[in-house]
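Q: The task is simple: from the sequences and hints, build the whole structure.
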Amino acid sequence: MNALADAAPETLRISMDTKAVIHVGEYSRGGRSRGIVAVNALDHDMCPKEKLVPGGILEPVTGKSFLFFGTHYKTSDFMADGIFLWWEERKQALSGVKQLVINLDNGPECNGHRSQFLLRMTEFADTSGLCVRLIYYPPYHSKYNAIERYWAGLEKSWNGYLLSTVGTVLHRAENFFWKRTRTVVRLLDALYEKGVKVCGNAKTELEQRLLRSVTLPWWDITIHPEQVHL
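Throughout the sequence shown, residue numbering follows our numbering, covering 1 to 230 in sequence.
Please keep in mind that the hints were generated in silico from the structure rather than gathered at the bench.
Do not take every clue at face value.
[As the list claims (entries may be wrong)] Simulated restraints, written as ranges between beta carbons of each label pair:
1) Q227 to Y73: 30 to 36 Å
2) D6 to R182: 18 to 24 Å
3) K91 to A152: 26 to 32 Å
4) P9 to Q208: 26 to 32 Å
5) Y73 to G96: 33 to 39 Å
6) F177 to Q227: 24 to 30 Å
7) S213 to R182: 24 to 30 Å
8) Y73 to L211: 25 to 31 Å
9) G200 to K156: 29 to 35 Å
We treat Cβ as the ideally placed atom computed from N, Cα and C, and that holds for glycine.
A: Structure, rendered in structure tokens:
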């Protein structure tokens, strides 16, 4: 499916994932400093001043990357809002795209059973006018998701610095290049409630919008857009 998506002129494939919470403070992250004098850092983070939740979207073919950092919980709505932010940033340059293929792992925020995430993806399909196809990697295979290599490069880049403030985290992220392309960074300062899900008739209606693969119903889901009347 990835090869077919990359070869189709009106299809864009993106790779999406979140990472572990970043404790903002003067903490050692096991990296290497390039300075002559070693950087002094704390060896534990028992009482972090602030926390940031990193989410990312990578366009594997071009190497364009988009990071969104949340200040609250990592939820389905956090991931969906990240996609909306990314599309606002890229839609003008991607005006010829008709289908979006999204590579995802089976994390609890976005898997094929997570009704709130699927609901938000139908909203995204409707507002963007894109056909959205969710392609999942099976458990313990998320390392094949392209963005994992991006995360590894980013962590190697910034682990030698003191991520002591939110501004420093954003600055280090936006100064990271992947395939010679600078990362675009946004802050999502919103409150997210855990455990939000779709129930009853609303869930039945949602399922009618989802075209699940006959052979892999939880791993391959297509959502066609409906016209939105504003």
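Q: Confirm or reject each hint.
A: Hint check results:
Distance hint check for Q227 and Y73: the Cβ-Cβ separation is about 33 Å, which falls inside the suggested range of 30 to 36 Å. Between D6 and R182 the CB atoms are about 22 Å apart, so this pair conforms to the stated range of 18 to 24 Å. Separation of K91 from A152 is about 29 Å and conforms to the stated range, judged on CB atoms against 26 to 32 Å. Range check, P9 to Q208: Cβ separation about 30 Å, and the 26 to 32 Å hint holds.
The beta-carbon spacing between Y73 and G96, approximately 36 Å, falls within the hinted interval of 33 to 39 Å. Checked against the hint of 24 to 30 Å, the pair F177 and Q227 fails, with Cβ atoms roughly 40 Å apart. At roughly 36 Å, the beta-carbon separation of S213 and R182 lies outside the given 24 to 30 Å, and the hint is violated. The supplied range of 25 to 31 Å is met by Y73 and L211, whose beta-carbon atoms lie about 30 Å from each other.
Checked against the given bound of 29 to 35 Å, the beta carbons of G200 and K156, roughly 47 Å apart, lie outside it.
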